[in-house]
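Protein chains: 2
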Amino acid sequence: MKFRYKVSVEYDGTNYSGFQKQKNIKLKTIEGVLEESIYFFSGQKVKICASGRTDSGVHALCQTIHFDLDKKYSNYTIIMALNYYLRGEDIVVIDCQLVDNNFNARLSSKMRYYRYIIINRKYPLTLDKKRAWHIAKELDINLMNEAKLFLIGKHDFSSFRDSQCQSKSAVKTINDILITKKDHQIYIDVSAKSFLHHMVRNIVGTLILVGQKKIDAIKIKEILAMKDRTKSGANAPAHGLYFLKTDY
Amino acid sequence: MKFRYKVSVEYDGTNYSGFQKQKNIKLKTIEGVLEESIYFFSGQKVKICASGRTDSGVHALCQTIHFDLDKKYSNYTIIMALNYYLRGEDIVVIDCQLVDNNFNARLSSKMRYYRYIIINRKYPLTLDKKRAWHIAKELDINLMNEAKLFLIGKHDFSSFRDSQCQSKSAVKTINDILITKKDHQIYIDVSAKSFLHHMVRNIVGTLILVGQKKIDAIKIKEILAMKDRTKSGANAPAHGLYFLKTDY
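In order, the protein sequences belong to chains X and H.
Quick note, my numbering runs 2 ahead of the 1-based positions in the first sequence.
Quick note, my numbering runs 2 ahead of the 1-based positions in the second sequence.
In case anyone wonders, no lab produced these hints; they're calculated from the structure.
Quantities reported herein were computed from a predicted structural model and do not represent experimental measurements.
Here a beta-carbon is modelled for each residue, glycine too, at the ideal position from N, C-alpha and C.
Among the clues, some could well be false.
Distance ranges between label pairs, derived from CB positions [claimed, not checked]:
#1 Asn17/X to Glu140/H: 43 to 49 angstroms
#2 Gln166/X to Lys131/H: 29 to 35 angstroms
#3 Ser165/X to Ile143/H: 49 to 55 angstroms
#4 Lys124/X to Ile27/H: 29 to 35 angstroms
#5 Asp158/H to Gln99/X: 48 to 54 angstroms
#6 Asp72/X to Lys216/H: 49 to 55 angstroms
#7 Gln24/H to Gln99/X: 30 to 36 angstroms
#8 Leu180/H to Asp249/X: 32 to 38 angstroms
#9 Asp97/H to Ile27/X: 26 to 32 angstroms
#10 Gln22/H to Lys215/X: 44 to 50 angstroms
#11 Val173/H to Lys215/X: 19 to 25 angstroms
#12 Lys139/H to Lys215/X: 50 to 56 angstroms
To spell it out: a stretch of chain X is covered by chain H in this simulated footprint if at least three of its residues, at any positions, have a beta carbon under 8 angstroms from a beta carbon of chain H; those stretches are [to be verified]:
#13 12-19
#14 125-131
Kindly generate the complete structure, drawing on both the sequences and the hints.
See the structure below:
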């Protein structure tokens, strides 16, 4: 008999080579560290499955994973035991639920939420250094809000897809993009059932061109229609991106 | 002729041995790094004066300093030049004004504002690790708000004063203490014309005892009356404290 655990994880991605385990076993990954802590606790070598495999430097406020164990533990035991073995790491378990064996952290997702944080001010960052993208030139949020409208809905996002992307189709549906500003801080909140590789960072990198008045808002519509990654903006830095949560 | 510059500085205090220069010159301090950057820029060895000399690990969103130079520079030049020499550090100049020679960053202060940040949740911190004090046991904010009332106003704060404090008098006037909670985050905002050494952190460490129901709110009144540092709570950790700003 197998018991399936749905576990919510928060992490600071700065010191990890992304979520996914790498061929180079010297590279420390979120997945590797989590699987090791599960092994230390349970004695079982498990393969965890995550809602979204974040890149190196990307943070998560609530990443969802699932894994199976032979034994039934209380949610409290799982949380406390994993956090014990995660001490010293920048990864922490914030929730655990015993779930049906049909649940899948990746495939059962109904909606995923990402936030990109920009600090828009002249002088460099101190406290937010590895927590946000610093953009010195003032961004016009109104123009960015015009541009984002072309991206919401079902489109072929080939122009915002990384060349390494393994998704069969480039057609995705963006549920919403919310751009808000408070003092120097700009949040770009993007939600969709699923994303292509680097899609959020490529969208941010392109919306920024609109905010800097390097391209017109309408240009986003043209870039989308061209279905060509070379036409969109640069991939925004990983350290400004936060995986917020997944709805199931 | 001397030109006096009032400069606003933001810093992440984590990697510095506090603001004040130490006898051990190997210890990196905010003051030392700032004076060095002023020297690299102007060729002058200046002694800077700060509004508040923060302890090791304490952060600042807007620390005010002043110093004199023989030459008149534009505010823009000072900001850009100092930030150039501060690159790689966790210190940044966010403002500069040429001021009257009577201005003194420490003595001209009318009000100083500090914020203490607590993350009140069961599981350890990741992204806020060096940015807030983690308290696992739930705090009762209502009780803390009752207790703070005894501290607002003019009192002898000997019970909340560090033994190393050099202030002549322990009588200080707290303008206000505001305790607010949003999700897991608790802010304790304290303002006063001036503070004793470790006063904010000692107040926070004692208010926490009330929030944890280890002492009654009224006990704060008694502790204050005893004028004895050994009667109050532990000094709250430095990394939760932020020097917000000074009014002149």
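Structure-based check of all given hints:
Checked against the hint of 43 to 49 angstroms, the C-beta distance between Asn17/X and Glu140/H comes to roughly 30 angstroms, which is inconsistent with it. Roughly 31 angstroms separates the CB atoms of Gln166/X and Lys131/H, a value that falls within the hinted 29 to 35 angstroms. The hinted range of 49 to 55 angstroms is satisfied by Ser165/X and Ile143/H, whose Cβ atoms lie roughly 51 angstroms apart. The hint said 29 to 35 angstroms for the Cβ distance between Lys124/X and Ile27/H, and at roughly 33 angstroms that hint holds.
Checked against the hint of 48 to 54 angstroms, the pair Asp158/H and Gln99/X passes, with Cβ atoms roughly 53 angstroms apart. At about 42 angstroms, the CB distance of Asp72/X to Lys216/H disagrees with the hint of 49 to 55 angstroms. Distance hint for Gln24/H and Gln99/X: a CB-CB separation of about 51 angstroms, inconsistent with the stated range 30 to 36 angstroms. Between Leu180/H and Asp249/X the beta carbon distance is about 35 angstroms. The supplied range of 32 to 38 angstroms therefore holds.
For the hinted restraint 26 to 32 angstroms between Asp97/H and Ile27/X, the CB-CB distance of approximately 48 angstroms leaves it violated. Checked against the given bound of 44 to 50 angstroms, the beta carbons of Gln22/H and Lys215/X, roughly 45 angstroms apart, stay inside it. Checked against the given bound of 19 to 25 angstroms, the beta carbons of Val173/H and Lys215/X, roughly 56 angstroms apart, lie outside it. Taking 50 to 56 angstroms as the suggested C-beta distance range, the pair Lys139/H and Lys215/X conforms, at roughly 51 angstroms.
Look at the segment 12-19 of chain X against chain H: 3 of its residues bring a Cβ nearer than 8 angstroms to a Cβ of that chain, three or more, so the hint holds. Counting residues of the segment 125-131 of chain X whose CB falls under 8 angstroms from any CB of chain H gives 6; the rule of at least 3 is met.
Against the hints set out earlier in the document, violations occur for numbers 1, 6, 7, 9, 11.
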